[in-house]
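**Student:** Note that the protein sequences, when read in sequence, are chains L and W. Heads up: the first sequence runs through residues 0 to 380, numbered per numbering that gives the first Met the number 0. Heads up: the second sequence runs through residues 0 to 486, numbered per numbering that gives the first Met the number 0.
If you're looking for bench data, these hints aren't it; they were derived computationally from the structure. Among these hints, one or two may not hold up.
Said to hold, decoys possible - Have a look at the derived ranges for each label pair, beta carbon to beta carbon:
#1 L:PRO128 <-> W:GLU37: 57 to 63 angstroms
#2 L:ARG373 <-> W:ARG253: 37 to 43 angstroms
#3 W:ARG349 <-> L:GLN165: 58 to 64 angstroms
Even for Gly, the Cβ is constructed at its ideal location relative to N, Cα and C.
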Amino acid sequence: MGKRFAVMAATMIFSASAAATTAPTPKAVVEHYAVVVYASYEDTLNAARHLQQAVDRFVAAPSADGLQEARKQWLAAREWYGQTEAFRFYGGPIDSATGPEGRLNAWPVDEAYIDAVKDRADSGIINNPKIAITKKTLMALNEKDGEENISAGWHAIEFLLWGQDQDINGPGNRPYTDFVDDKAPNAVRRRQYLKVATDLLLDDLTQVTKAWAPTAKNYRARFVANPANLGKMLTGIGVLSRGELAGERIEVALDTKSQEDEHSCFSDNTHRDVVANSRGIRNVWRGEFKRADGSVLTGPSLRELVAAKNKAAAERVDSDVDASVQAAESIPAPFDRAIVVGSPGRPAVEQTVVALKRQAEGLVVAAGVLGIKRLNTAVPE
Amino acid sequence: MLTAASPPPLLRGRVRVGVLLFALTTATHAAGPAAHAELGEELSGGATTVFDDGRNAFSYPAANLTSDRQTDFFIGNSFFKKNWVEAPASTRARDGLGPHFIARACAGCHVLDGRGAPPKTRGGVAIEPPTGLLFRLSIPGDGGIYGVVSEPTYGGQLNNRAIQGVQPEARVQIRYQTIAGRFADGARYQLRQPLYRFTDLAYGKLHPQTLISPRVAPQVIGLGLLEAIRADDILANAERQRIANNGISGRPNRVWDAYAQEWVIGRFGWKANVGSVAHQDAGAFVGDIGITSQRFSNDGCTDAQPDCRDAVAREAGVRRARGESPVDIDERTLDKVIFYTRTLAVPARRRWDAPEVLRGKRLFHDAGCASCHVPQYRTGELNGLPELSGQTIRPYTDLLLHDMGEHLADHRPDFAADGREWRTPPLWGIGLIKTVNRHTYYLHDGRARDLMEAVLWHGGEAEAAKQRVLQLTKSERAALLSFLQSL
């Protein structure tokens, strides 16, 4: 009895001293989160500018090389955007009632809503000359009369750059001639569409970046003023872990084994989406972000805050986030082949789901340590 | 699936006592105030309640669903949300659309699991085709287990879309007529009465005795909890209203359930013409999207629609040649969609303890609204869904049919419901429709443009309650609306 008491006392002393030296204040954690969010959107916006420049050059003079360059820039920008998805699901600037998320990243896309598809040469907005292709119309038509009626955002642009994925071993292969007058019907409208959709993407990314800029009167200012927003930070990464990434984006695909259930189905970039999302979750948990210029942001984190109160709960999440990033990195491309039963890639996909689910449960525990009850981890888009 | 459909006699005896007690409690409520915040009142769905008041507020699984149970929810969600395509297609998991349909996915009408809206109008005339507003068709006669006799040429509902090579059945024109009125304090209001006309009828004239009923797609939250309400509690509502003898006389609909293979109390749909979530989902799949399943294997082409029948025959031929099942959705997948729609959570109330809301709550009770919009139940047992069982829920419905007056009447019977009767719709979540769906159109055909208009359309058995609302002062009306917005 006496010995056991001594052990307990020693533990208490240890954690008390750890708390005294390393525990950050909730306010400091929330403030540093805002720094990470802003940096993440800034890097995304810069990468998207390169995409915009490539698209501008391509629509001015369509060529095979120009299309290739636009695709390359799209893929590069997704690496940054994917990490920002950890800042969703709590009604912040990205997905409040007026936020642009549904216009930026909605999927799956009903391709025929946008353009011609196999056996349907005349379908889509592009082939309907009655519709003027402007930012305003693309905004109005997005999700009109159905959640798959997607007219804008990353995946609409992806479809225009790659086309339908008819190749079991690779991505879509839309010819650049789809954008050349006299080589394809409505090529001028297709060029317009690609340009307008890309410009709209930039507008929307600019809007969310501004909302997190270190200026006086914006969302960020209100956010950092309230340490209770720790709950929002955890909701964002909890829902992305379980409901969105594990559930909506991977478990559904594992169940249907169907190409149409992969996130970036035209470019076959889904394996990278999963990695970027997982990294985004880890970024928030650790208060770390590796920027596009190679520098690394560090600062007061959820990890330290939880560790100060319950070391085991923090260590668990810490190993969970590494495990899920590692599992995500092991998914071989293309994702639509990896999900097929008997495919050598399938166990890696399954392992990623297991890791993400475990991580979400750990985050619920961690939230409880901070006194946050009812942490949502399950909203699907 | 409905475990409470025929309780043993002993239970019945005990329930009688419950009925009387409930009647007494309600009487006390009517006389005295209900103006305090009750313990747990914000938890509209009991332990299933979720806390979110944003655009996704209707899209969560029940809060007490474990992570492993959520997997089926996510898969069900996918088949609820994603578009179905024409068969045969390379995407075999989701082919079989049509031949006739009104939407390509459940979420086409129930966007974000929310409520559909009537088409946009200009100058009182609809300027786009309806989505999320469908038209049921029938002719007089005893429909037996189908509830109605379908219109012989067009079938049980008008489908204004079709796959390639098949004609859409018709176009719909909507015009609105204005009806003006005043509150007792002189404040004016205007209501709009819709008038419908079908044009471009592809298969000839409608039967001269055709009965038409417009129906807006309602939000799909909390359906499993409604299913878990004990049948005896629904019957007790009718009994209580009968005893009170004050002009409110709700009665249950009696419907055939294709899953239970028996007659049950109707709970779902604007006329309570469906008794289970399973039947509702499978019926909507075939009726609205043209997706056949084991229990609803007929695409619904009539003899007068050869192009529709040819398309069905072609699809069947391809399926046979591929060695696939003859129906579009397999039972395993359908079960997941049913699980999904049963476990969609109800969001928590907002501002439930604000003085303004409590004042509105008292006015709601005093006006008599709560006799039909019954606030609270304790759910019974639902097979396989312990999460939904034994929960204290606050749906604000008696699930009974009421005569709602001539203005709202569609004059189209549906099982036991007559042409003036509608089911009391649950009010939970109603204050979030604007956030989720970006509109505020209410009632069975979306004619009401806001909550007060919806109240003012109440007639028939609800006439007296409406008259009391007309007597309210401006600030009382605002309080009543604050209460409704908090739901």
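**Student:** Please go over all the hints and tell whether each is borne out by the structure.
**Tutor:** Going down the list of hints, with the structure as the test:
Checked against the given bound of 57 to 63 angstroms, the beta carbons of PRO128 (chain L) and GLU37 (chain W), roughly 59 angstroms apart, stay inside it. As the Cβ distance of ARG373 (chain L) to ARG253 (chain W) is approximately 40 angstroms, the hint placing it in 37 to 43 angstroms holds. ARG349 (chain W) and GLN165 (chain L) have their C-beta atoms about 48 angstroms apart, which leaves the hinted 58 to 64 angstroms range violated.
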